[in-house]
Amino acid sequence: MTVKTKEVVQLEPLVDVSHLIEPPAIEIDSGPIKMRAEGLRVDYGKFQALKDVTVQLPEKRITAIIGPSGCGKSTFLKALNRMVELVPDTQVGGQVWIDGQPIYSDQIDLAALRMAIGYIFQRPNPFPASIYDNVAYGPRIRRRHTRAELDQIVETMLKQAALWNDVKDKLRQSAHNLSGGQQQRLCIARSLAVTPHVLLMDEPCSALDPISSQKIEDLISELKEKLTVVIVTHNMQQASRVSDYTGFFLAEHTGDPGELVEFGATSHIFTSPKDKRTEDFITGRFG
Amino acid sequence: MTEDSRAVEISNVANVTMHGGAHAWRRRRESVIYALLVLLSLIPILTTFGIIYVLFSQAFAFFMEVPIMEFLMGTKWSPLLIPRSFGVLPLLVGTLLVTVAGMFIAVPVGLGSAIFLSEYASPRARRWLKPLIEILAGIPTVVYGYLALLFITPIIRSIFPQANAFNALSAAIAVGIMIVPMIASLSEDALAAVPSSLREAAYALGANKYEVITKVVVPTASSGIAASFVLGISRAIGETMIVTLAAGATPNLTLNPLESIQTVTAFIVQISLGETPWGSLAYKTIFATGALLFVLTMLMNLLAVRITKSKGRF
Amino acid sequence: MNANLSAGQSSTRKVKDRLFQALCIGAIIFSLGALAGLLLDVVISGLPSLSWHFFTNFASRFPEKAGIKAAIYGTLWMMSLTASFCIPIGIATAIYLEEYAGDSRLARIIKLNIANLAGVPSIVYGFLGLAIFVRMLQFDRSVLSGALTMALLVMPIVIVSAQEAIRAVPLSLREGSYALGATRWQTTRRVVLPAAVSGIATGVILALSRAIGETAPLIMIGALTFIAFVPDGPMAPFTALPIQIFNWISRPQAGFHDIAAAAVLVLLLFIFIMNAAASILRHRYDRRWQD
Numbered sequence: 067m068t069v070k071t072k073e074v075v076q077l078e079p080l081v082d083v084s085h086l087i088e089p090p091a092i093e094i095d096s097g098p099i100k101m102r103a104e105g106l107r108v109d110y111g112k113f114q115a116l117k118d119v120t121v122q123l124p125e126k127r128i129t130a131i132i133g134p135s136g137c138g139k140s141t142f143l144k145a146l147n148r149m150v151e152l153v154p155d156t157q158v159g160g161q162v163w164i165d166g167q168p169i170y171s172d173q174i175d176l177a178a179l180r181m182a183i184g185y186i187f188q189r190p191n192p193f194p195a196s197i198y199d200n201v202a203y204g205p206r207i208r209r210r211h212t213r214a215e216l217d218q219i220v221e222t223m224l225k226q227a228a229l230w231n232d233v234k235d236k237l238r239q240s241a242h243n244l245s246g247g248q249q250q251r252l253c254i255a256r257s258l259a260v261t262p263h264v265l266l267m268d269e270p271c272s273a274l275d276p277i278s279s280q281k282i283e284d285l286i287s288e289l290k291e292k293l294t295v296v297i298v299t300h301n302m303q304q305a306s307r308v309s310d311y312t313g314f315f316l317a318e319h320t321g322d323p324g325e326l327v328e329f330g331a332t333s334h335i336f337t338s339p340k341d342k343r344t345e346d347f348i349t350g351r352f353g
Numbered sequence: 157m158t159e160d161s162r163a164v165e166i167s168n169v170a171n172v173t174m175h176g177g178a179h180a181w182r183r184r185r186e187s188v189i190y191a192l193l194v195l196l197s198l199i200p201i202l203t204t205f206g207i208i209y210v211l212f213s214q215a216f217a218f219f220m221e222v223p224i225m226e227f228l229m230g231t232k233w234s235p236l237l238i239p240r241s242f243g244v245l246p247l248l249v250g251t252l253l254v255t256v257a258g259m260f261i262a263v264p265v266g267l268g269s270a271i272f273l274s275e276y277a278s279p280r281a282r283r284w285l286k287p288l289i290e291i292l293a294g295i296p297t298v299v300y301g302y303l304a305l306l307f308i309t310p311i312i313r314s315i316f317p318q319a320n321a322f323n324a325l326s327a328a329i330a331v332g333i334m335i336v337p338m339i340a341s342l343s344e345d346a347l348a349a350v351p352s353s354l355r356e357a358a359y360a361l362g363a364n365k366y367e368v369i370t371k372v373v374v375p376t377a378s379s380g381i382a383a384s385f386v387l388g389i390s391r392a393i394g395e396t397m398i399v400t401l402a403a404g405a406t407p408n409l410t411l412n413p414l415e416s417i418q419t420v421t422a423f424i425v426q427i428s429l430g431e432t433p434w435g436s437l438a439y440k441t442i443f444a445t446g447a448l449l450f451v452l453t454m455l456m457n458l459l460a461v462r463i464t465k466s467k468g469r470f
Numbered sequence: 285m286n287a288n289l290s291a292g293q294s295s296t297r298k299v300k301d302r303l304f305q306a307l308c309i310g311a312i313i314f315s316l317g318a319l320a321g322l323l324l325d326v327v328i329s330g331l332p333s334l335s336w337h338f339f340t341n342f343a344s345r346f347p348e349k350a351g352i353k354a355a356i357y358g359t360l361w362m363m364s365l366t367a368s369f370c371i372p373i374g375i376a377t378a379i380y381l382e383e384y385a386g387d388s389r390l391a392r393i394i395k396l397n398i399a400n401l402a403g404v405p406s407i408v409y410g411f412l413g414l415a416i417f418v419r420m421l422q423f424d425r426s427v428l429s430g431a432l433t434m435a436l437l438v439m440p441i442v443i444v445s446a447q448e449a450i451r452a453v454p455l456s457l458r459e460g461s462y463a464l465g466a467t468r469w470q471t472t473r474r475v476v477l478p479a480a481v482s483g484i485a486t487g488v489i490l491a492l493s494r495a496i497g498e499t500a501p502l503i504m505i506g507a508l509t510f511i512a513f514v515p516d517g518p519m520a521p522f523t524a525l526p527i528q529i530f531n532w533i534s535r536p537q538a539g540f541h542d543i544a545a546a547a548v549l550v551l552l553l554f555i556f557i558m559n560a561a562a563s564i565l566r567h568r569y570d571r572r573w574q575d
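Protein chains in written order, with my numbering: chain A, 67 to 353; chain B, 157 to 470; chain C, 285 to 575.
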């Protein structure tokens, strides 16, 4: 399903928006919608974590999810490929569609869903195996491959993840010997190897130093040409630098469910948010 | 995205497909594996039922021939010689004698070792001592039987010349030594779990180490320590090889540890070694005594669980 | 009045403190002394009998001619069969409990069962082996009956240690695998088990080192003591090291006691090697998740 929407998008993302005069916005076509959530609600046992989220995620764009801790942004991300169900006692309401197909349905093969929608975690979590085996993991669990095929996949994916030059001579070494930033790029390569359409990233740079973070950000920008990216981030600058769209989540008080307060083009959210609470958050008044 | 896609490039053409034949075999394999795992996991349950069924069905057959009260209350045990007599008390008292005497060694030595390891030993000493205690725990009981008969008994007989060549005391000492590592390691776990803030609070009030240990640490860990004693008793009751080798095969109703006695377990071994035909009354006798042994140890184990759950006074 | 720091504790308090420490040290010295005394006695009595013939001879009526060939082969046969039963079943149960069952009723019943079985005296398993394997299934007094009985006996050890090893695998690895579209079994087999393998191996070795010295259940199922041949298959009658030791100790002649000590030495050597292997593995595995 492709839904055309008109959106206001600014061509160049800004680094520090608060001091700038609002630039002239240009109306462009945002392209088709890849994923869509409607009335999404998540309960962990008795605790409601997420309330009534309705949103559309444009294809081959980067959408940032921002908000204070405990606002349900990670929960939202995990709900997009049903990873949220790994938590015992979780109840999900509402629906999420990818390419027009509902994902909360008995017809869905969870494994296939998660191959279509990859997930990058806060802390890099390479398997305790070689670099090669980490990247080859996804292809191997799908079907048998010849040696040559696997070699080619591993090389391509490591190149896509901008890691090939770092590791091409030590593919057989343990992934745990890599630095944190390299590990995270390896995890991205590992995800790319199952050819996902969407990549969900949960604060992928929060455990990394600034230089490694920069590399990951560059990588995310490149990935946009091929996939739809949704990135949860704590870092306002990062959101404004890398994303095309931004959603602001907030749980009004501790214990309240998180909800989507505002969604729109990143330039708009950061320069002229419609909601007072968004403005307060972006200008650093809380959070 | 299709299953047999050869493309190594990140796919950016097709729409997502998430159902259909390609994944069906995976789901089938998952359910086959799940069924297999459940099936294998039932084996522990079957083992328990098997033990209970085997013991109690044969014991029931035994009690069809021998009244249960005669078995439990009788004071003469002579299942093989005519006139037969099936009073289990001599065996039970024999087991009790060895267990109690064994605990007289195991409790002070085990608890003392635990207190030393947890309160006095330096981390370095602990690193050396704990593996040694574990070695003691890993020695097979037949080796402790060797120790009892060929090492302890000669010493006992040099001190008490009237002692029998097979006697309860020697077995009890070996049983006690065998249980020491169990009590030491379980009690040490309990002692180590006592928060150091409690110790510090007691020191701050001017208590010395002895007072801290006996008035604060040990009482706080009391439920764990008591549970270790009960488990030790359970082990002693079920111990077989030491008593078979060293305590003798004479079902005497006596509390004199220097005499030859027979325990419940030693009787079972005695019959198993002989040529008693399957299905005979004598054979059923070992199942009746086995059932008794099972019930006794189970009661002790349940008691230990109960004590552990009670969590002491703090 | 000034604080008096020099008078300190009363002398009785000091004496009690010292005495108590001495008692605790005495306790640990007693434990270690028992270990040392036992080993010393076994070495002194047994070492002279440890000759090449001792390993290549069968049992005999004359202690100087008797050897442990049949017992060694029987023990090795039984251990390998025991391992091949208890490893797959124990690991499967641990996987089911940790990765599949959650907090289901069945899982709780199985866990309760395992805890209870761990406290059952080993001789009770002998009844089970005798009635089920020897009589009902007609495996007779074979290596197979012995191995099956031993496998059930040490199963709780294997299961509990495998559970612990599986539980120690970080959740993030499982999530990483699920996020790549792996199924539960693929995640278990390709991520969880490889990460837990050294912990599981430690538990298996400890379980086998327990099984190798168990005597009572073997006596109950009727392992023989006087065997002048090597088992030629799982259905062959057999003897084992602890049975042979038991038999020699219970004979009146001192000559047999010495070769019993020699056999004890061999048995303890097996057990120490296994324990050392287990502790090396455990050491490696403890460090594994620290970084």
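Certain hints may be false.
Stated by the list, open to error - Listed below are the simulated EDC-like cross-link pairs for lysine to aspartate or glutamate, each with C-alpha atoms no more than 16 Å apart in a straight line:
1) B:K371 x C:E382
2) C:K300 x B:E367
3) A:K292 x A:D275
4) A:K225 x A:D322
5) A:K290 x A:E318
6) A:K290 x A:D275
7) A:K112 x A:D322
8) A:K117 x A:E325
9) C:K298 x B:D345
10) B:K365 x C:E382
11) A:K117 x A:E318
12) B:K286 x B:D345
Said to hold, decoys possible - Now the stretches of chain A that chain C is said to cover, found in silico as 3 or more residues with beta-carbon under 8 Å:
13) 149 to 155
14) 162 to 169
15) 200 to 209
16) 252 to 258
Derived from the structure by calculation, the hints contain no laboratory data.
All residues carry an ideal CB built from backbone N, CA and C; glycine is no exception.
Now for the hints, and whether the structure bears them out:
1. B:K371 x C:E382: 40 Å, violated
2. C:K300 x B:E367: 9 Å, holds
3. A:K292 x A:D275: The given pair, whose Cα atoms are some 27 Å apart, is violated under the 16 Å limit.
4. A:K225 x A:D322: Violated, because 43 Å separates the two Cα atoms, which is more than 16 Å.
5. A:K290 x A:E318: Measuring from Cα to Cα gives roughly 32 Å; hence the hint is violated.
6. A:K290 x A:D275: 23 Å, violated
7. A:K112 x A:D322: Holds. K112 (chain A) to D322 (chain A) sits at ~12 Å (cutoff 16 Å).
8. A:K117 x A:E325: Holds, because 5 Å separates the two Cα atoms, which is no more than 16 Å.
9. C:K298 x B:D345: Between K298 (chain C) and D345 (chain B) the Cα gap is close to 28 Å, so the pair fails against 16 Å, i.e. violated.
10. B:K365 x C:E382: Violated, because 43 Å separates the two Cα atoms, which is more than 16 Å.
11. A:K117 x A:E318: Within the cut-off at roughly 12 Å; holds.
12. B:K286 x B:D345: Holds, at about 12 Å.
13. 149 to 155: That given contact holds, which follows from 3 residues of the stretch 149 to 155 of chain A lying within Cβ reach (below 8 Å) of chain C.
14. 162 to 169: Since 0 is below three, the answer is violated.
15. 200 to 209: Since three or more residues must qualify, the claim that chain C covers the stretch 200 to 209 of chain A holds, with 5 doing so at under 8 Å.
16. 252 to 258: Coverage by chain C holds for the stretch 252 to 258 of chain A (3 residues, Cβ < 8 Å).
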